[in-house]
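Please arrange chain B on chain A, whose structure you already have, making use of the hints.
Residue numbers (our numbering), protein chains in the order written: chain A, 5 to 469; chain B, 8 to 274.
Since the hints were made in silico from the structure, they are not lab data.
Pair ranges (Cβ atoms, derived): (1) B:T256 with A:K287: 22 to 32 angstroms; (2) A:N372 with B:Q257: 40 to 50 angstroms; (3) B:A28 with A:D158: 47 to 57 angstroms; (4) A:K287 with B:A28: 31 to 41 angstroms; (5) A:P167 with B:L139: 46 to 56 angstroms.
Note that CB positions come from ideal geometry on N, CA and C, so glycine has one too.
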Amino acid sequence: MSEEKKKHKKRRTATQAAASIGPMVKEFIAGTIRAKEEARQKIAFTFIVCHHEEILAALDVLPLWTENFAGICGAIRDAERFLQRAESLGLSRSLCTYALCGIGFDQWREEIGEMPPNPPWGGQVKPDFMVSTGQILCDPRAKWYQASQLYMPDVPIYNIDMPYPLFDPKRDHRDVWGYYHKYIVKELRGFVKFVEEQTGNKMDYDRLTELVDLSDRTWNLIDETYKLRASVPSVMGTGDAMNTMVPMCFRMASQEAYDFFFNLKKELEEKIAKKEGEVEDEKYRLMWGGGLPSWFALGDFNYFNSKGAVFPVETTYRMVAPLNEMDLPETKDPIERLAWKWLGYWTFWYDKARKRPGSEPDVERLINWIEEYKIDGIVMHEAFSCRTWHVGLIWQLNQLAKIYKPIPVLTLGKGGEKTVENRELPSLILESDIIDISTYSEVDTRNRIDAFIETLESVRQSKAV
Amino acid sequence: MTKAVILDNEIIASVIGPTGAEQRRLANNVMEKALKEAGIPFEAITYIVSTGYGRINVPFADKQVTEISCHAKGIVSLFPDARTIIDIGGQDSKGIKIDKDGRPTDFVMNDKCAAGSGRFLEVIADTLEIDLEKMGEISLTSKNPASISNLCTIWAQQEVVARLSEGVPVNDLVAGVHESLANRVSRMVRRLNIEREIVLTGGGAKNIGLVKALSNYMDYPILVPPEPLITGALGAALMGKAITEKAKTQGIQLDTKERSLQVVEIL
Chain A
5 MSEEKKKHKK RRTATQAAAS IGPMVKEFIA GTIRAKEEAR QKIAFTFIVC HHEEILAALD
65 VLPLWTENFA GICGAIRDAE RFLQRAESLG LSRSLCTYAL CGIGFDQWRE EIGEMPPNPP
125 WGGQVKPDFM VSTGQILCDP RAKWYQASQL YMPDVPIYNI DMPYPLFDPK RDHRDVWGYY
185 HKYIVKELRG FVKFVEEQTG NKMDYDRLTE LVDLSDRTWN LIDETYKLRA SVPSVMGTGD
245 AMNTMVPMCF RMASQEAYDF FFNLKKELEE KIAKKEGEVE DEKYRLMWGG GLPSWFALGD
305 FNYFNSKGAV FPVETTYRMV APLNEMDLPE TKDPIERLAW KWLGYWTFWY DKARKRPGSE
365 PDVERLINWI EEYKIDGIVM HEAFSCRTWH VGLIWQLNQL AKIYKPIPVL TLGKGGEKTV
425 ENRELPSLIL ESDIIDISTY SEVDTRNRID AFIETLESVR QSKAV
Chain B
8 MTKAVILDNE IIASVIGPTG AEQRRLANNV MEKALKEAGI PFEAITYIVS TGYGRINVPF
68 ADKQVTEISC HAKGIVSLFP DARTIIDIGG QDSKGIKIDK DGRPTDFVMN DKCAAGSGRF
128 LEVIADTLEI DLEKMGEISL TSKNPASISN LCTIWAQQEV VARLSEGVPV NDLVAGVHES
188 LANRVSRMVR RLNIEREIVL TGGGAKNIGL VKALSNYMDY PILVPPEPLI TGALGAALMG
248 KAITEKAKTQ GIQLDTKERS LQVVEIL
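So that you can see chain A by itself, here it is in the shape it has in the complex (with noise of 0.2 angstroms):
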């Protein structure tokens, strides 16, 4: 074990629900190991946000999420091995650090013919079929699971594809989302006869129908929990969100996933009633507004509790939307459901992007959140093999600075007039990976955030009442 590991600490949670998903995880991942060993269920590798997780459990099969294991590694900061390996594959460190970590796992796994030594939390067993999705402009989610076959030649990949309509400010998306949801239809039906030929099993769809339908209410159950965070003092935070994505990512279409939420809600429920703050001096507000997190680092959000700094919002892991917010086409087909689900969430912002001259659909929803949430600025994080993320995080800044000036302060003229002037939101960018911990320092990520909260402060105090 390296020094790095022995020194790192966990990070305190907010909630109880956020505490409990470590055991969760564990758990899931010894459930796979235990699959596998027994050979009663299938095991399909496989990445979040496909929308075909009712899908799966309708045709007993038990997906192993390898981002989610990615993440593992790194978050106990034993991710490190595997991307040497992968980079001994000749694999570029600049690639997707996760798929690199998977691949490095994997690859050692099938050369040894056994889990490689000390393997975090179990390990990750080999597969007997890979689901692979190519859409929200991440490469690895397409090309990952290709590199892995190279290991593992046996192990059959499916590719669902599953477009949106781009925004345009000018056209009502609408218009032209029947033709996407034809395709999508499609494209899940033969993932349906993929996976009936890989376990010999045949859809049951009014099982189908049942776990579209407890989906469903999850996600409404979901949005109304983290309204809930909206309150002041902040009850729940986003380092606590960074697990509670677990069962919102990992365990849609079931029971366990509803339960967790029902509860987590009742939980925020009593915390707002008691006015029982994340923090106990709530200063400032932040939104984590996109980026996904350095899973090793996750320390770093109680060190901004630590500054009286909260995150009751971020975009990272929100994954579902309102559904009763949504004008979605009623269909009794679950199929049909589902695509309508997909195109429902994807274009969510649209209407009301096309309702703010400048805006489009990710700056919308941070103003929406900004105001819902009451936010005093924002914390984006460049993870730099992230490049899905990457993207459009600077020009979701700009554009936000451009179009929206929340913060009025009151200045002094030349002549001594008092005058209002409204300033953007200040803003803060960490650099670093999701689980390459060569790309961190503490001191310096630390200084950042200083400075940073001395900059909300200052905001803070020239504000105009």
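Same frame as chain A, but now just chain B:
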């Protein structure tokens, strides 16, 4: 560099010393020199604010404030119309937006890449065997700045050596290096919505070639303080003074550290 500024109604001492790993000892050294220059005993100092990367290693400091806030305060005392500060130092570079009271309202920082900091110039000066302080003047004689394309300081260093062996004159190389650094820093600072006036501070501001290159990239003449190395320390001293005056007005006794310059043993 380690710096100290002692302030009364005006600067009564300012000292610039070397920097290094033994930050506690260096802080003691510059303070000792500053006290000597001011001709006052240590007990006469009412409040001490430390800043910069080593701010937590100043044993006698009463408060620690980041260099972002201190530069802001220091610069606005020298240039009341300043609204954007660019700081190019040996360890990092920064862009800071400030309001008229010298409060930072936003900032960007590069502490990841040496090629975007003053360290880049130090490495190239070493490579070309020229004096760091003379780089600015040398570059001004260039009519055809060389293009330095490498993004990494170490590779840029090798590129400079290769271009030198191709016969590219030193002044063109140095001008090219300034262009490269100015280009990189200006791109970072443009993330802020830049407002005028723009002031350059830190060691980079002592380099007239870099000031010129940066002014070109920002499309506007950049102002430079008379002593760019001490603006952060000046800001820290101004903050200390403000804290003392506020406490006096409110009749509050300030809690301060013991004023002693002990020899610090380095383990």
